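Participant: Chains A and B supply the protein sequences, listed in that same order.
Position 177 of the first sequence, counting from 1, maps to 210 under the working numbering, and the rest follow consecutively.
Position 102 of the second sequence, counting from 1, maps to 135 under the working numbering, and the rest follow consecutively.
Worth flagging that the hints you see were computed from the coordinates, not collected in a lab.
Check the hints yourself; a few may be wrong.
[As the list claims (entries may be wrong)] Okay, derived cross-link-like pairs now, EDC-like style, lysine to aspartate or glutamate, Cα gap no bigger than 20 Å in a straight line: (1) A:K142 x B:E250; (2) A:K36 x B:E90; (3) A:K242 x B:E180; (4) B:K141 x A:E145; (5) B:K85 x B:D103; (6) B:K242 x A:E145; (7) A:K142 x B:D165; (8) A:K36 x B:E51; (9) A:K217 x A:E246; (10) B:K141 x A:E246; (11) A:K141 x B:D103; (12) B:K65 x B:E90.
As the structure is a computational prediction, the values presented were derived from the model and not from experiment.
Number of protein chains: 2
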Amino acid sequence: MGKLYLIPSPLGDNDPAEVLPASLLALLPTLKLFIVEETRTARRFLSRAGLKGHIDELEFHELNEHTTADGVAALLPLLENSDAGLISEAGLPAVADPGAALVALCHKKGIEVVPLVGPSSLMLALMASGLDGQSFAFRGYLPAKTEERRSALKAVEKQSAQLHQSEIFIETPYRNDSLFADMKAGLSPSTRICVAADITLPAQFIRTKTVAEWRREKDFTIGKRPCVFIILA
Amino acid sequence: MGKLYLIPSPLGDNDPAEVLPASLLALLPTLKLFIVEETRTARRFLSRAGLKGHIDELEFHELNEHTTADGVAALLPLLENSDAGLISEAGLPAVADPGAALVALCHKKGIEVVPLVGPSSLMLALMASGLDGQSFAFRGYLPAKTEERRSALKAVEKQSAQLHQSEIFIETPYRNDSLFADMKAGLSPSTRICVAADITLPAQFIRTKTVAEWRREKDFTIGKRPCVFIILA
Numbered sequence: 034m035g036k037l038y039l040i041p042s043p044l045g046d047n048d049p050a051e052v053l054p055a056s057l058l059a060l061l062p063t064l065k066l067f068i069v070e071e072t073r074t075a076r077r078f079l080s081r082a083g084l085k086g087h088i089d090e091l092e093f094h095e096l097n098e099h100t101t102a103d104g105v106a107a108l109l110p111l112l113e114n115s116d117a118g119l120i121s122e123a124g125l126p127a128v129a130d131p132g133a134a135l136v137a138l139c140h141k142k143g144i145e146v147v148p149l150v151g152p153s154s155l156m157l158a159l160m161a162s163g164l165d166g167q168s169f170a171f172r173g174y175l176p177a178k179t180e181e182r183r184s185a186l187k188a189v190e191k192q193s194a195q196l197h198q199s200e201i202f203i204e205t206p207y208r209n210d211s212l213f214a215d216m217k218a219g220l221s222p223s224t225r226i227c228v229a230a231d232i233t234l235p236a237q238f239i240r241t242k243t244v245a246e247w248r249r250e251k252d253f254t255i256g257k258r259p260c261v262f263i264i265l266a
Numbered sequence: 034m035g036k037l038y039l040i041p042s043p044l045g046d047n048d049p050a051e052v053l054p055a056s057l058l059a060l061l062p063t064l065k066l067f068i069v070e071e072t073r074t075a076r077r078f079l080s081r082a083g084l085k086g087h088i089d090e091l092e093f094h095e096l097n098e099h100t101t102a103d104g105v106a107a108l109l110p111l112l113e114n115s116d117a118g119l120i121s122e123a124g125l126p127a128v129a130d131p132g133a134a135l136v137a138l139c140h141k142k143g144i145e146v147v148p149l150v151g152p153s154s155l156m157l158a159l160m161a162s163g164l165d166g167q168s169f170a171f172r173g174y175l176p177a178k179t180e181e182r183r184s185a186l187k188a189v190e191k192q193s194a195q196l197h198q199s200e201i202f203i204e205t206p207y208r209n210d211s212l213f214a215d216m217k218a219g220l221s222p223s224t225r226i227c228v229a230a231d232i233t234l235p236a237q238f239i240r241t242k243t244v245a246e247w248r249r250e251k252d253f254t255i256g257k258r259p260c261v262f263i264i265l266a
């Protein structure tokens, strides 16, 4: 029986060697079978990670939000005679993405799952935020509609205060600035907000300020780039 | 003004090159100033990371649970003319450890904070657990006393069911098995538990099973090793 290697990938177009251990880069050429969120992205990543010229010898299967439960189960026999690598669009596979269904199935069937070290935008943002809650929670996306989003923000802030918990969430890049405007408008002046954009990339921007301080930065915009938000009330 | 580099370290006695990117290993020899949770551990890590023979040329300052707020503030002038590296006992610095106070101060003073990629036992466990909650929360340690711990476990399980949230917690190694016994006794048979021990180390053990399944594994013990627990109800 093969093993399922969980292979993180860079958070942007940077060199894989900047963010992945040499041991992971050395493992990649030994794998022939990849289960990926999107083949095109995975091929480009593997090519940059040292497999250029060998991509056509590899076998790719997609596992994404369109894959049914039967589709996930159909991937399992591939592991009978071969190790496989699981790769998501960016960052860690099987965290808040469809890859977790395959990992769950591996546990059921006794297939060994090997998680490998790589960039986690959530943890890099949390480390660099200075927001030392006694605990933290990741909530994915908040609601997109203004009214629902504003109440969600108030609820998240209340929970942060009660549990002294850092609250982490993300947004589709084109909505970063409207979310951030709602945060500045609706959260308490003393609540701290960390804005962490383009993590690990040349344009990396990570700042933590109180709501009151952010309100004074009238010209600041985040723009359409990958961004993690963290608040601590 | 210098920068504060947040430098992850291995989760055990393994080779730093196994779990840290080459770019981080290349950065280390350029730093002369380190702010560390424990000097002895940090010296050993840096020595194994390629600085052997140069450790005595480095400056170490400790920042740990005994450091007062004034003590943290006193570290800041060190960064006026020099970059510094922040290193915790194991894994990511400034996540649930006293380093976060220094990072917070850097944000106040406009000092740039640069988080670097390395092993996060929490995220490696979550990836490999297959427990795809829509969200996840890290709760640190549960109460140590049996009665309080049992009610905390029930509360955590209830929240996991309500929010479809993976709940991550840790325990002092010598209490792993008593916590695990309480989990098996008190949680619902269908709740899934991931036990992730010795992550990234040769003895790595990561298994996710339902409470009902774990109850049947009568001979299984975790032992006194670093372990992350995750449940999803």
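Participant: Are the hints correct? Go through all of them and say.
Facilitator: Quick rundown of the hints versus the structure:
A C-alpha spacing of about 16 Å is found between K142 of chain A and E250 of chain B, which places the hinted pair at or below 20 Å, so the restraint holds. With a C-alpha separation of about 44 Å, the suggested pairing of K36 of chain A with E90 of chain B is violated against the 20 Å cut-off. This hinted pair does not check out: K242 of chain A and E180 of chain B have alpha carbons roughly 40 Å apart, beyond 20 Å. Taken as a hint, the K141 of chain B and E145 of chain A pair is broken in the structure, with Cα atoms around 45 Å apart against an allowance of 20 Å.
A hinted pair counts as satisfied when its Cα atoms are at most 20 Å apart, and K85 of chain B with D103 of chain B does not qualify at roughly 33 Å. Straight-line distance between C-alpha atoms of K242 of chain B and E145 of chain A comes to about 13 Å, which keeps the hinted pair within the 20 Å bound. Only pairs whose Cα atoms come within 20 Å are accepted, and K142 of chain A paired with D165 of chain B is accepted, the gap being roughly 17 Å. With a C-alpha separation of about 18 Å, the suggested pairing of K36 of chain A with E51 of chain B holds against the 20 Å cut-off.
At most 20 Å may separate the alpha-carbon atoms for a hinted pair to count; K217 of chain A and E246 of chain A meet this at roughly 10 Å. For the suggested pair K141 of chain B and E246 of chain A, the alpha carbons sit about 10 Å apart, so the restraint of at most 20 Å is met. Using a Cα cut-off of 20 Å, the hinted pair K141 of chain A and D103 of chain B is violated, with the two alpha carbons roughly 52 Å apart. About 7 Å separates the Cα atoms of K65 of chain B and E90 of chain B, which keeps this hinted pair within 20 Å; it holds.
Violated hints for the displayed structure, listed by number in ascending order: 2, 3, 4, 5 and 11.
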